[in-house]
Structure formats: C-alpha cells, structure tokens
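Chains as they are written, first to last, in the working numbering: chain A, 3 to 116; chain B, 2 to 114.
Because the hints were derived from the structure by calculation, they are not lab data.
Heads up, the beta-carbon is just placed ideally off N, CA and C, and yes, glycines get one too.
Some hints could be false.
No more than 25 Å apart at the CA atoms, straight line, and that leaves these computed lysine-lysine pairs for DSS-like [stated by the list, open to error]: (1) B:Lys-111 / A:Lys-43; (2) B:Lys-4 / A:Lys-43; (3) B:Lys-101 / A:Lys-42; (4) B:Lys-101 / A:Lys-55; (5) B:Lys-101 / B:Lys-70; (6) B:Lys-53 / A:Lys-43; (7) A:Lys-21 / A:Lys-11; (8) B:Lys-101 / A:Lys-40; (9) B:Lys-53 / A:Lys-42; (10) A:Lys-21 / A:Lys-40; (11) B:Lys-111 / B:Lys-53.
From the derived model, a few chain A residues whose C-beta atoms are all more than 12 Å from chain B [said to hold, decoys possible]: (12) Ile-58; (13) Ser-64; (14) Ser-67; (15) Gln-105.
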Amino acid sequence: DTEVTQTPKHLVMGMTNKKSLKCEQHMGHRAMYWYKQKAKKPPELMFVYSYEKLSINESVPSRFSPECPNSSLLNLHLHALQPEDSALYLCASSPGDGSNQPQHFGDGTRLSIL
Amino acid sequence: DAKTTQPTSMDCAEGRAANLPCNHSTISGNEYVYWYRQIHSQGPQYIIHGLKNNETNEMASLIITEDRKSSTLILPHATLRDTAVYYCIVRPSLTSGTYKYIFGTGTRLKVLA
C-alpha cells in the first residue's frame with residue numbers, strides 16, 4: 003500500500019483532449035514531485051513544488067501544466083499531447099523541511115496517447 | 002551531480018543473500034546514498050539510505066565503503082517477491098527543502114526458485 007495516491011491508474015486520451023492527473027498525500031509533506039517514466043527506462047524528474055510554489059521545472063513542454071492547489075494535492079494538466087508522451091507518470095512527496103528523509107512515490111498513472 | 006553506475010542485471014537463488022553493488026565515485030561529502038526498488042507496474046519503493054555509516058532496517062542492509070565511492074545493498078534472504086529493478090541514487094546537496102533524484106539505469110534483479 004502506498005501513502006501517495008494517484009488517480010486515475012490508467013488514462014487513454016486523444017491528442018486534442020484535455021485531461022488532468024491527480025496526486026494526493028496526507029503525510030504532511032510540503033514538497034511534491036512529478037516524474038515521467040518511459041518503458042524500461044528510469045524515472046525522469048519533471049517538476050518540483052515546495053510549499054505550494056513551483057521550485058523546479060526541468061524544461062518540460064508547456065502542454066504539461068502542473069498545479070498545487072494545497073499542501074496535500076498535486077495536479078498535472080494535460081493538453082494537446084503527442085504520442086511520445088505516452089508513459090507512466092509518477093508523483094512523489096517528501097517532508098520538504100531540509101531533512102534527509104526520502105521521497106515517497108505513488109504507483110503512477112499509465113497514460114496512452116492515441 | 003554525482004552519477005551512479007550499477008550492473009544491468011543480476012540473478013540470485015531464493016533464500017540466498019542478494020548483494021547489489023553501486024559505484025558513485027564522484028560523490029560529495031554531504032551527499033546521501035538512497036536505494037529504491039521498482040516492481041513491475043508499481044512506483045519506486047524506498048528501501049534504505051545512508052551517509053557514511055552502514056545502515057540496516059527490516060528490509061535490507063546498506064554497506065558504504067570508507068571512501069564513500071561505492072556501496073552495496075544486501076537483501077539477506079532473497080525471495081521471489083524481491084524480483085525488481087533496484088536503483089541506487091545519490092542525492093545532490095540541498096538548496097532548499099526540496100531535492101532532485103537523478104535515477105541511474107538500475108539493476109534488474111531476478112530471484113530464481
């Protein structure tokens with residue numbers, strides 16, 4: 003069981019659709035992360051939020067739009083995606099207090115772009 | 002940012018110890034070593050982390066060499082459920098309360114019955 007919950011687990015969308023991925027944690031963590039993982043590759047960082055503010059954007063295309071409405075929630079809004087964006091999207095959280103405590107990951111949303 | 006190098010794959014007999022090596026020769030003095038594993042179709046699962054002393058928890062042991070340029074994750078009695086990809090990560094120094102994980106390619110461990 004994971005303490006970071008991601009919904010939906012699977013998503014199929016067309017290139018013109020708009021959809022959102024959702025991530026929720028109730029561990030009181032103040033740092034949250036989005037990663038993208040292609041098949042048989044390691045996860046790659048996309049965005050980092052710290053205290054609800056975007057602190058790192060790893061040069062991600064604007065068709066991916068993150069949002070952190072409160073300290074427990076993290077969204078990733080998707081629009082006009084390309085077939086190469088098909089991947090597993092992982093959310094993670096960490097205390098965000100400068101400690102060495104690890105990030106905790108959700109089980110991801112598997113996204114397929116038609 | 003320090004990079005890690007791991008063998009691509011390893012096999013281990015069920016019930017035996019699995020020793021997974023990681024090379025991080027460019028590690029800085031204040032950088033921690035973290036180990037995660039990822040079972041197919043799940044998110045990475047935290048296993049253990051350390052700075053310079055050896056660490057042990059209910060899942061595994063972490064042995065870090067004295068010069069900190071390499072480490073070994075030990076699963077003392079591997080089971081079939083330990084079959085997964087194991088990632089060794091060196092966490093870069095903190096600039097705030099957040100930090101970046103840079104995943105290496107990982108080791109695909111297969112536990113054999």
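### Lys-111 of chain B paired with Lys-43 of chain A [C-alpha distance capped at 25 Å]
holds (17 Å)
### Query
Within a Cα-Cα threshold of 25 Å, do Lys-101 of chain B and Lys-40 of chain A meet the stated pairing?
holds (18 Å)
### Message
Against the 25 Å threshold, does the CA-CA distance of Lys-21 of chain A and Lys-40 of chain A hold or violate the hint?
### Response
holds (19 Å)
### Query
Does Lys-43 of chain A lie within 25 Å of Lys-4 of chain B when you go C-alpha to C-alpha?
holds (16 Å)
### Query
Does Gln-105 of chain A really sit off the interface, with its C-beta more than 12 Å from all C-beta atoms of chain B?
The assertion about Gln-105 of chain A is violated, with a minimum of 6 Å to chain B.
### Task
Measuring Cβ to Cβ, find out whether Ser-64 of chain A lies farther than 12 Å from everything in chain B.
holds (21 Å)
#### Entry: Pair hint outcome, Lys-101 of chain B versus Lys-55 of chain A [Cα-Cα no greater than 25 Å]
holds (16 Å)
#### Entry: Pair hint outcome, Lys-21 of chain A versus Lys-11 of chain A [Cα-Cα no greater than 25 Å]
Holds, at about 13 Å.
### Proposed proximity, Lys-70 of chain B with Lys-101 of chain B (alpha carbon, max 25 Å)
holds (20 Å)
### Task
Take a quick look at whether Lys-111 of chain B and Lys-53 of chain B sit within 25 Å of each other, Cα to Cα.
violated (28 Å)
### Query
Ser-67 of chain A clear of chain B by more than 12 Å, beta carbon to beta carbon?
holds (19 Å)
#### Entry: Minimum Cβ-Cβ distance from Ile-58 of chain A to chain B exceeds 12 Å
violated (7 Å)
Of the hints listed earlier, those the structure fails to meet are numbers 6, 9, 11, 12, 15, in rising order.
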